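Asker: Here are the chains, one letter per residue:
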Amino acid sequence: MTGRVCRGCGGTDIELDAARGDAVCTGCGSVLEDNIIVSEVQFVENSGGGSSAVGQFVSLDGAGKTPTLGGGFHVNLGKESRAQTLQNGRRQIHHLGNQLQLNQHCLDTAFNFFKMAVSKHLTRGRKMAHVIAACLYLVCRTEGTPHMLLDLSDLLQVNVYVLGKTFLLLARELCINAPAIDPCLYIPRFAHLLEFGEKNHEVSMTALRLLQRMKRDWMHTGRRPSGLCGAALLVAARMHDFRRTVKEVISVVKVCESTLRKRLTEFEDTPTSQLTVDEFMKIDLEEECDPPSYTAGQRKLRLKQLEQVLSKKLEEVEGEISTYQDAIENELESSRPKAKGALANLTRDGSVEDTTSSVFGEDDAEDEELEAAASHLNKDFYQEILGSGLSSSSEGAGDPDGDARPPALESLLGPLPTAASLGISDSIRECISSQSQDPTDACGDGELDLSGIDDLEIDRYILNEAEARVKAELWMRENAEYLREQREKEARIAKEKELGIYKEHKPKKSCKRREPIQASTAGEAIEKMLEQKKISSKINYSVLRDLNSKGGGGLQEEDAQPEGRTATRKLSRRKTPARRHRADPVTGVGKRLRPMVSAQPAKKAAAGEPLPLSPSTLGAEPARPTAVLVESGPVSYHPEDDPDEDDPDEDDGEPCVSALQMMGSGDYGCDGEEDDGY
Amino acid sequence: YPSPMTPMTPITPATPASESSGIVPQLQNIVSTVNLGCKLDLKTIALRARNAEYNPKRFAAVIMRIREPRTTALIFSSGKMVCTGAKSEEQSRLAARKYARVVQKLGFPAKFLDFKIQNMVGSCDVKFPIRLEGLVLTHQQFSSYEPELFPGLIYRMIKPRIVLLIFVSGKVVLTGAKVRAE
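As they're listed, the protein sequences go chains H and U.
Per the UniProt record's numbering, the very first residue in the first sequence carries number 1; after that it's consecutive.
Per the UniProt record's numbering, the very first residue in the second sequence carries number 1; after that it's consecutive.
Keep in mind the hints are simulated off the structure, nothing from the lab.
All values reported here derive from a predicted model rather than from experimental measurement.
A couple of the hints might just be wrong.
What the hints assert, rightly or not - Restraint-style ranges between C-beta atoms, simulated for each label pair:
| id | chain 1 | residue 1 | chain 2 | residue 2 | range |
| --- | --- | --- | --- | --- | --- |
| 1 | U | LYS116 | H | ASN103 | 30 to 38 Å |
| 2 | H | ALA468 | U | VAL24 | 45 to 53 Å |
| 3 | H | SER335 | U | LYS127 | 53 to 61 Å |
| 4 | U | ILE63 | H | PHE242 | 50 to 58 Å |
| 5 | H | ARG243 | U | ARG70 | 50 to 58 Å |
| 6 | H | TYR324 | U | VAL24 | 38 to 46 Å |
| 7 | H | GLN298 | U | THR138 | 20 to 28 Å |
| 8 | H | VAL309 | U | LYS116 | 40 to 48 Å |
| 9 | U | ILE63 | H | LYS313 | 43 to 51 Å |
Cβ atoms here follow ideal geometry from the backbone N, Cα and C, with glycine treated the same way.
When you get a sec, could you build the whole thing from the sequences and use the hints?
Answerer: This is how it looks when you write it as structure tokens:
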């Protein structure tokens, strides 16, 4: 059908045999083509006598799962990471879901969520168990089942807030808005657990009514629904003459005892609690309360306001008291003989001192009082005793350096008031100046702008010599272990440097992206890839290099075999496709190599691996290959290996066959091979 | 479905006009970073400063505190510093400069480069209770309300990019702002 001309006889009658993949000239019988790739459906006979089509379903994203052939061991081999993750996830979802008694529909939905999560790479960096639990909880919320996040965390023994974090992230990334939890959903579940017997339904109804009342009283916003349920159920139970203690309820509802008591107290505060049982069932009060946190906040505000009013009143009262005090004292003074001179002076100066300090504007209420008292005292004393002289000095008291006495007393009392006042004015000045300052100026040159920073204050933050020594000693003692570790580490590094094997152990960098290997032939590509990856020390790399140039990679094959046995996961994954893909003629594998040369390294690794592996897998069945070896030796059907000589007998001592023979003889499946192998 | 007891300000996702209601949030905390521009020996700083603590096993920075303005700073050996606890932008800047001055006095050539405010936290009270379930129904795509986990509603505003924690009592905490205008 190809319309070609036969080379031998020139005839045009070419027959294509789909089963064998041959193109034969009917005239002279010469085979023009062998191993034609056709896309026909083939049928195979089963053991039961029926026939089934040959082929696999290949998914869009994966490279195709491979049902095991004549085996069943290593079920999970031959799947790539994504499929494995999904399968693993499915298994875990079912396991957890059955513990929660979720129906199949929910489990399927959960699996769908999981698939979405995996495709958005949300499973990276998170424990699989957390993601699974989050998916399940999401389903519970969307379906409205009475499962709490607490249940899930109980099953997994994980902190509920950690699960909650994962759940929130998942909901946000998947753009799924789970409806808010309604505590009414939990009532039937908890009621059942509390075993009310026949009156279960009635109690549930009462509890529901209570809950609705609570909702209208704004008690349920921001609270754990389970706590509210617990309170409602407790009250409902009591209303129906069931004695359920607080302990029983909390063991079912999983809240703390204090929480339950608090809810009960809050409910007590609502006007509904005043109704009797019957009234409650019939009447529904119209008024609604404010949420308890709001009332608490309002109460605090009110208290504060009251306090302020009170304190103001106190001041007034104190002012009054002080006036009375002054009046009394004046009377006493006038009736008593004059005080001793020094003491009188001191008291006078004390009051002067007070006035000076108050002039500087300290805003203490205390000082205000003192000021009031002082002014009262001043008025009377000065007017009485010293007359105009002191009154002038009291005016001059405003000027700190005015009088001889005030400065001396200031120094007596210490620099505190003045320093503090200076400090305040300093920062005020600095604030004003910095506000007017252009911000770009400050960071333009990078120099530290010292304006407004009091050097004295800074110096106070630095220890002096003796203190530093003490602190150093204490710190050394505290951190002795750490210092010792550091020293050991440094010693180790120094030693390694000397020996020249110092490896910079940087914290794990994920170097997923390697530069794509530039290679001209498939062989070179494999070489380079293997150099990069260093799959196993058991591969004789030199032989592998000769793989394409010579036909006999027997040695390499044997080496590859134990390596295949002790397979790393990736390799084992490739094992089965390689083995399977005998059917898919290894020309396909070869063909895969060529387009992969320019493709990403990941795929390169994938493609490269079947080659060293196929020998190992094929080596697993030595019997047949031996036969094939004899048979198909001289024939090289591997189109890639243009420069290749197929010399299979080179290493013929082996019971296993080199990769190339198998590739060369590869046909459509075991049957094809058997046909060849007679 | 009972209608909300008290009116909620109709907030569209784009522009909340908080000024119109007359409530201005109070700044509670400002986090800022600055680069001192030189490598630091944390041990020296920790041993010679009065108000510094350094526990290398637990965390690789010196924790220093000053009283005025009351702030805490984390000083790293690379010369970068994080300053938290100030109640206004100017206070944060002043505090950062004071820390830099301390480091300077301890003998390091500290500079004051790239002072930047990273986060501002404010709070306010709207003085009426808020029905969180209603809010989550109307603003589904921005709100996240999970009473089992946290009693407040987390509202993520897109423009400006601010996160608000809204509580039923009417108190609101705003965080994530880089400038006061936000």
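Asker: Take the hints in turn and mark each one as holding or not.
Answerer: The hints, checked one at a time:
1. LYS116(U) with ASN103(H): 30 to 38 Å: With Cβ atoms ~54 Å apart, the hint is violated.
2. ALA468(H) with VAL24(U): 45 to 53 Å: holds, 46 Å
3. SER335(H) with LYS127(U): 53 to 61 Å: The hint (53 to 61 Å, Cβ to Cβ) holds, given that SER335(H) and LYS127(U) are roughly 59 Å apart.
4. ILE63(U) with PHE242(H): 50 to 58 Å: Given about 56 Å between the Cβ atoms, the range holds.
5. ARG243(H) with ARG70(U): 50 to 58 Å: holds, 55 Å
6. TYR324(H) with VAL24(U): 38 to 46 Å: holds, 45 Å
7. GLN298(H) with THR138(U): 20 to 28 Å: holds, 26 Å
8. VAL309(H) with LYS116(U): 40 to 48 Å: holds, 44 Å
9. ILE63(U) with LYS313(H): 43 to 51 Å: holds, 45 Å
Violated hints amount to a single one, hint 1; each of the other numbered hints is respected by the structure.
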